[in-house]
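> Spelled out from the first residue to the last, the chains are:
2 protein chains.
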Amino acid sequence: MDNSKIGHHISEQFNKELEDIRNKVLVMGGLVERQIELAIEAYTTGNMELAEQVIKQDNDVDLLEIAIDQECTQILALRQPTAFDLRLLIAVIKIIHEIERVGDKAERIAEMAIQLANSEIRISHHELEHMAQLVKGMMHDALDSFARMTVEDVPAITALDINVDREYDSILRQLITRMMEDPRNITRTLDILWTVRALERIGDHACYICEHLVYMIKGEDVRHLGQEELEKIVKVSR
Amino acid sequence: MDNSKIGHHISEQFNKELEDIRNKVLVMGGLVERQIELAIEAYTTGNMELAEQVIKQDNDVDLLEIAIDQECTQILALRQPTAFDLRLLIAVIKIIHEIERVGDKAERIAEMAIQLANSEIRISHHELEHMAQLVKGMMHDALDSFARMTVEDVPAITALDINVDREYDSILRQLITRMMEDPRNITRTLDILWTVRALERIGDHACYICEHLVYMIKGEDVRHLGQEELEKIVKVSR
Numbered sequence: 013m014d015n016s017k018i019g020h021h022i023s024e025q026f027n028k029e030l031e032d033i034r035n036k037v038l039v040m041g042g043l044v045e046r047q048i049e050l051a052i053e054a055y056t057t058g059n060m061e062l063a064e065q066v067i068k069q070d071n072d073v074d075l076l077e078i079a080i081d082q083e084c085t086q087i088l089a090l091r092q093p094t095a096f097d098l099r100l101l102i103a104v105i106k107i108i109h110e111i112e113r114v115g116d117k118a119e120r121i122a123e124m125a126i127q128l129a130n131s132e133i134r135i136s137h138h139e140l141e142h143m144a145q146l147v148k149g150m151m152h153d154a155l156d157s158f159a160r161m162t163v164e165d166v167p168a169i170t171a172l173d174i175n176v177d178r179e180y181d182s183i184l185r186q187l188i189t190r191m192m193e194d195p196r197n198i199t200r201t202l203d204i205l206w207t208v209r210a211l212e213r214i215g216d217h218a219c220y221i222c223e224h225l226v227y228m229i230k231g232e233d234v235r236h237l238g239q240e241e242l243e244k245i246v247k248v249s250r
Numbered sequence: 013m014d015n016s017k018i019g020h021h022i023s024e025q026f027n028k029e030l031e032d033i034r035n036k037v038l039v040m041g042g043l044v045e046r047q048i049e050l051a052i053e054a055y056t057t058g059n060m061e062l063a064e065q066v067i068k069q070d071n072d073v074d075l076l077e078i079a080i081d082q083e084c085t086q087i088l089a090l091r092q093p094t095a096f097d098l099r100l101l102i103a104v105i106k107i108i109h110e111i112e113r114v115g116d117k118a119e120r121i122a123e124m125a126i127q128l129a130n131s132e133i134r135i136s137h138h139e140l141e142h143m144a145q146l147v148k149g150m151m152h153d154a155l156d157s158f159a160r161m162t163v164e165d166v167p168a169i170t171a172l173d174i175n176v177d178r179e180y181d182s183i184l185r186q187l188i189t190r191m192m193e194d195p196r197n198i199t200r201t202l203d204i205l206w207t208v209r210a211l212e213r214i215g216d217h218a219c220y221i222c223e224h225l226v227y228m229i230k231g232e233d234v235r236h237l238g239q240e241e242l243e244k245i246v247k248v249s250r
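Read top to bottom, the protein sequences are chains A and B.
Take any residue in the first sequence, note its place counting from 1, add 12, and you have its number in our numbering.
Take any residue in the second sequence, note its place counting from 1, add 12, and you have its number in our numbering.
In case anyone wonders, no lab produced these hints; they're calculated from the structure.
Remember, it's a predicted structure, so these values are computed and weren't measured experimentally.
Accuracy of the hints is not assured; some may be wrong.
The list treats identical chains as one, so a pair stands whether inside a single copy or across any two.
[Stated by the list, open to error] Simulated pairs of lysine to any residue, SDA-like, Cα-Cα distance not exceeding 20 Å:
no.: 1; residue 1: LYS68; residue 2: THR85
no.: 2; residue 1: LYS68; residue 2: LYS244
no.: 3; residue 1: LYS28; residue 2: TYR180
no.: 4; residue 1: LYS106; residue 2: ASP81
no.: 5; residue 1: LYS230; residue 2: THR57
no.: 6; residue 1: LYS17; residue 2: HIS137
no.: 7; residue 1: LYS36; residue 2: ASP74
no.: 8; residue 1: LYS230; residue 2: GLU83
no.: 9; residue 1: LYS244; residue 2: SER23
no.: 10; residue 1: LYS230; residue 2: LEU75
no.: 11; residue 1: LYS68; residue 2: GLY238
no.: 12; residue 1: LYS230; residue 2: ASP81
no.: 13; residue 1: LYS36; residue 2: ALA79
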């Protein structure tokens, strides 16, 4: 575990507090990664117990966000941090919000799994699973970069979002064709569409986490910049 | 203008800084309210110039978010605020993020206006406009509560979200019926669906702004609580 950035405080207690926050973010992130996994498994296998579990556990994610948020605010009030420490706390508050939103998307997929369980309609799971793997990988790598407190992998992660969008468009086209061919099943097909859209949004949130991480480490706000600009800023040596 | 909460600092300069941030948030909020208005007008009248204007101005909203964010961080670093001032700054950082997301939704509606401009298909504007009025009113009242630094109207605002969801469901059902009856126009009908969905999300963001406001004023995190719990917390006398 690279403590080089966190472990430079004269106060041993302050180090511990920041380390504790970082660990809690990783626990929360791990929980949500698992939520995505279970939701997709519920969706593709029709395992309703898994779907229920995802929906139930969303509460744990919410509570973790509130707890970490509170801890960050307390440290801001008591330690009055500046520079990297301040950016770390601000970035964490934003990052946990993204993670919470990803948890909501996993819950949504689980809900769709339940809706679709009794339906005969199925989309080729191959493509949906591929898209799920892609966004799950982006989330994993974004959280891993946060754990290692490094931005070097950020451009590679955000670059993948184009692939996600491409797969989303491709599946959307298929679903539209299917709706045209079988209008009686439009409601069901829309449920699949919501699932695919939730996956697409998970990719976006992974990119947002990366942006907050760049702000934290580099002190630069890279939101709304293009991929090229982002790469330039990340590459500037520290 | 009620400065009772902001204007209590010994440092005149600090008062000015907080006042400046509050004013910038209101400018940003006003800009986004106008974006929603113009996007809906572009959508219902087919005025493409308006739609282009909304899309172009989204950049101003993004830049305002970045500027206010930076200002908050600077104050956190230099003034090391505690209690209400700290909560104000944290809440502002979160509120401007919600406003920015609402701006994105307005942009999305404007894009759909352009997509649909050359299409013969139209949904009854009556219902869509009613839903638009509803969420625009929620945004307006949420921003107004922020301007007045009061939470008394919050329960009334968040309670409206049920109506928004109900209208969304009703329009969704209509759209599904229309897709079944006229499968050739499914792509166009989906564009209408995205618009209605964007409106529904604006209602959610207005509620989130209210939640951040309650945290700011009352010091209580009311996210993920039900309407009843929220009302209780808001009603407790300060």
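> Now tell me, hint by hint, if it's right for this structure.
Evaluated hints:
1. In this assembly of identical chains, LYS68 and THR85 lie within 20 Å of each other by CA distance neither inside one copy nor across copies; the values are 27 Å within and 36 Å between.
2. Proximity of LYS68 to LYS244 under the C-alpha cut-off of 20 Å is found in neither arrangement, the shortest distances being 42 Å within a copy and 25 Å between copies.
3. Taking identical chains as interchangeable, the C-alpha atoms of LYS28 and TYR180 are never at most 20 Å apart, the minima being 42 Å within one chain and 48 Å between chains.
4. Proximity of LYS106 to ASP81 under the C-alpha cut-off of 20 Å is found in both arrangements, the shortest distances being 9 Å within a copy and 12 Å between copies.
5. For the homomeric pair LYS230 and THR57, neither the shortest alpha-carbon distance inside one copy (43 Å) nor that between copies (46 Å) is at most 20 Å.
6. Proximity of LYS17 to HIS137 under the C-alpha cut-off of 20 Å is found in neither arrangement, the shortest distances being 43 Å within a copy and 56 Å between copies.
7. For a Cα distance limit of 20 Å, the shortest separation of LYS36 from ASP74 inside one copy, 13 Å, qualifies, whereas the shortest one across copies, 30 Å, does not.
8. For the homomeric pair LYS230 and GLU83, the shortest alpha-carbon distance between copies (17 Å) is at most 20 Å, but the shortest distance inside one copy (23 Å) is not.
9. For the identical chains of this complex, LYS244 and SER23 are neighbours neither inside a copy (35 Å) nor across copies (40 Å), given an alpha-carbon limit of 20 Å.
10. Only between protomers do LYS230 and LEU75 lie at most 20 Å apart by alpha-carbon distance; the minimum there is 19 Å, versus 30 Å within a single protomer.
11. In this assembly of identical chains, LYS68 and GLY238 lie within 20 Å of each other by CA distance solely across copies; the values are 16 Å between and 37 Å within a copy.
12. For the identical chains of this complex, LYS230 and ASP81 are inter-copy neighbours only, at 16 Å across copies versus 22 Å inside a copy, given an alpha-carbon limit of 20 Å.
13. Proximity of LYS36 and ALA79 under a CA criterion of 20 Å is satisfied intra-copy only: 9 Å inside one chain copy versus 30 Å between copies.
Consistency note: the structure conflicts with the earlier hints numbered 1, 2, 3, 5, 6, 9.
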